[in-house]
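Please put together the full structure from these sequences, using the hints given.
Number of protein chains: 2
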Amino acid sequence: MTPARSLLWVSAAFILLASLAPSHSNPRPIASAQHSSYAEIRAVYDRWKKAFEARDLDGIMALYAPGDAVVAYDIVPPLQYRGYAAYRQDYQSFLAQYVGAIRVEYRDLRILSSGDLGVINALERITGRLKSGERSDLWLRATSVMRKIDGKWLIVHDHISLPADLATGKAVFDLKP
Amino acid sequence: MTPARSLLWVSAAFILLASLAPSHSNPRPIASAQHSSYAEIRAVYDRWKKAFEARDLDGIMALYAPGDAVVAYDIVPPLQYRGYAAYRQDYQSFLAQYVGAIRVEYRDLRILSSGDLGVINALERITGRLKSGERSDLWLRATSVMRKIDGKWLIVHDHISLPADLATGKAVFDLKP
Numbered sequence: 573m574t575p576a577r578s579l580l581w582v583s584a585a586f587i588l589l590a591s592l593a594p595s596h597s598n599p600r601p602i603a604s605a606q607h608s609s610y611a612e613i614r615a616v617y618d619r620w621k622k623a624f625e626a627r628d629l630d631g632i633m634a635l636y637a638p639g640d641a642v643v644a645y646d647i648v649p650p651l652q653y654r655g656y657a658a659y660r661q662d663y664q665s666f667l668a669q670y671v672g673a674i675r676v677e678y679r680d681l682r683i684l685s686s687g688d689l690g691v692i693n694a695l696e697r698i699t700g701r702l703k704s705g706e707r708s709d710l711w712l713r714a715t716s717v718m719r720k721i722d723g724k725w726l727i728v729h730d731h732i733s734l735p736a737d738l739a740t741g742k743a744v745f746d747l748k749p
Numbered sequence: 573m574t575p576a577r578s579l580l581w582v583s584a585a586f587i588l589l590a591s592l593a594p595s596h597s598n599p600r601p602i603a604s605a606q607h608s609s610y611a612e613i614r615a616v617y618d619r620w621k622k623a624f625e626a627r628d629l630d631g632i633m634a635l636y637a638p639g640d641a642v643v644a645y646d647i648v649p650p651l652q653y654r655g656y657a658a659y660r661q662d663y664q665s666f667l668a669q670y671v672g673a674i675r676v677e678y679r680d681l682r683i684l685s686s687g688d689l690g691v692i693n694a695l696e697r698i699t700g701r702l703k704s705g706e707r708s709d710l711w712l713r714a715t716s717v718m719r720k721i722d723g724k725w726l727i728v729h730d731h732i733s734l735p736a737d738l739a740t741g742k743a744v745f746d747l748k749p
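The listed protein sequences derive, respectively, from chains P and E. If you want the working numbering, it's the position in the first sequence, counting the first as 1, plus 572. If you want the working numbering, it's the position in the second sequence, counting the first as 1, plus 572.
The reader is advised that the hints may include incorrect statements.
The list treats identical chains as one, so a pair stands whether inside a single copy or across any two.
What the hints assert, rightly or not - Below, simulated DMTMM-like cross-link-like pairs (lysine to aspartate or glutamate); rule was C-alpha separation at most 20 Å, straight line:
| no. | residue 1 | residue 2 |
| --- | --- | --- |
| 1 | 724 | 640 |
| 2 | 622 | 737 |
| 3 | 742 | 709 |
| 4 | 724 | 612 |
| 5 | 703 | 662 |
| 6 | 703 | 688 |
| 7 | 720 | 628 |
| 8 | 720 | 677 |
| 9 | 748 | 662 |
| 10 | 703 | 625 |
| 11 | 720 | 662 |
| 12 | 703 | 737 |
| 13 | 720 | 688 |
| 14 | 748 | 677 |
| 15 | 742 | 688 |
Read the hints as simulated data drawn from the structure, not as lab findings.
So, in structure tokens, the structure goes:
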């Protein structure tokens with residue numbers, strides 16, 4: 573389902589909810605809260621895109637929860653990065669491979685949210701020039717989990733990956749959605 | 573943070589909440605609901621483990637939301653599996669590579685939950701014998717997102733992966749946590 577169609581379904585569900593509600597209750601604040609959570613969660617990914625494209629490490633890391641809250645499974649080893657400091661180091665190494673701006677594109681992005689928990693998943697294309705001079709163009713899978721902490725959505729879990737070909741043992745770099 | 577320590581923190585947070593609450597309100601039902609969500613979400617992974625170890629495809633698929641709700645990023649291509657039927661086919665191909673029982677072990681498992689949304693992430697070790705006769709022993713990263721639909725937690729998103737070595741282009745199969 574495309575994001576546009578998902579949104580349509582969500583909207584339809586709200587209209588249905590509103591029409592079913594007894595007259596003494598008012599479901600609109602709940603619907604509005606949900607709508608605003610979606611927009612806020614989406615805005616985190618938009619801010620991430622902007623910061624990542626500019627290779628702005630501080631801008632990227634401002635979107636992550638501090639201390640031990642972050643557990644990240646990244647494209648590259650080790651299996652996991654535990655905590656803000658370890659993940660920042662990983663980002664720094666990743667960004668250092670590129671020269672100049674990076675371009676990010678999302679496809680099939682989906683947002684789920686309830687209360688103070690949000691999940692966003694998307695296919696993510698990262699294009700840029702490596703230090704070696706080579707042009708890199710990768711489609712990745714990205715899942716991020718966010719918590720609303722003191723009124724602000726912060727990422728507490730990332731899972732970023734490429735599929736692997738189990739027969740050849742190779743990561744598959746040339747897939748397109 | 574180990575799951576045991578996380579649980580301790582969660583418990584501490586509940587006790588704090590309870591002590592801060594004004595005397596006319598009763599926060600315990602919320603705390604209990606949260607506790608029971610954690611247990612229910614954990615139970616889905618335990619059922620998944622049992623079904624997967626027995627290579628019971630129907631048992632595995634009973635844990636997934638029907639129709640278009642599931643979007644899965646698996647170890648193997650393509651980039652994504654959209655919908656129950658496509659993901660079932662993927663599971664069938666994966667299980668067909670093995671002979672006899674498979675063994676699953678979780679490490680550093682974490683559960684997040686709010687309302688009708690739950691997230692579980694863990695390192696997952698899958699051990700078994702392949703049809704080729706070779707013994708396979710893999711540590712993977714697993715993230716699953718669940719929705720409580722009609723009182724039942726069902727998985728709507730999976731992200732399962734191995735890290736890749738960007739220098740060699742190989743998926744990294746021999747990592748240990």
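Here is what the structure says about each hint:
1. 724 x 640: Within one copy only: 17 Å inside a chain, 31 Å across chains, cut-off 20 Å.
2. 622 x 737: Cα proximity of residue 622 and residue 737: none, with 32 Å in one copy and 26 Å across.
3. 742 x 709: both (17 Å within a copy, 17 Å between copies)
4. 724 x 612: within (9 Å within a copy, 28 Å between copies)
5. 703 x 662: Cα proximity of residue 703 and residue 662: one copy only (17 Å, versus 37 Å across).
6. 703 x 688: neither (40 Å within a copy, 45 Å between copies)
7. 720 x 628: neither (23 Å within a copy, 38 Å between copies)
8. 720 x 677: Classified as neither; 25 Å inside a copy, 31 Å across copies.
9. 748 x 662: Answer is between; shortest inter-copy Cα gap is 18 Å, intra-copy 25 Å.
10. 703 x 625: Within. Shortest intra-copy distance 16 Å satisfies the 20 Å Cα cut-off; inter-copy 45 Å does not.
11. 720 x 662: neither (24 Å within a copy, 34 Å between copies)
12. 703 x 737: For residue 703 and residue 737, the Cα distance is within 20 Å only across copies (17 Å; inside one copy 27 Å).
13. 720 x 688: Both: 5 Å inside a copy, 16 Å across copies.
14. 748 x 677: within (12 Å within a copy, 32 Å between copies)
15. 742 x 688: So residue 742 and residue 688 fail the 20 Å test inside a copy (38 Å) and across (38 Å) alike.
In summary, the numbered hints that this structure violates are 2, 6, 7, 8, 11 and 15.
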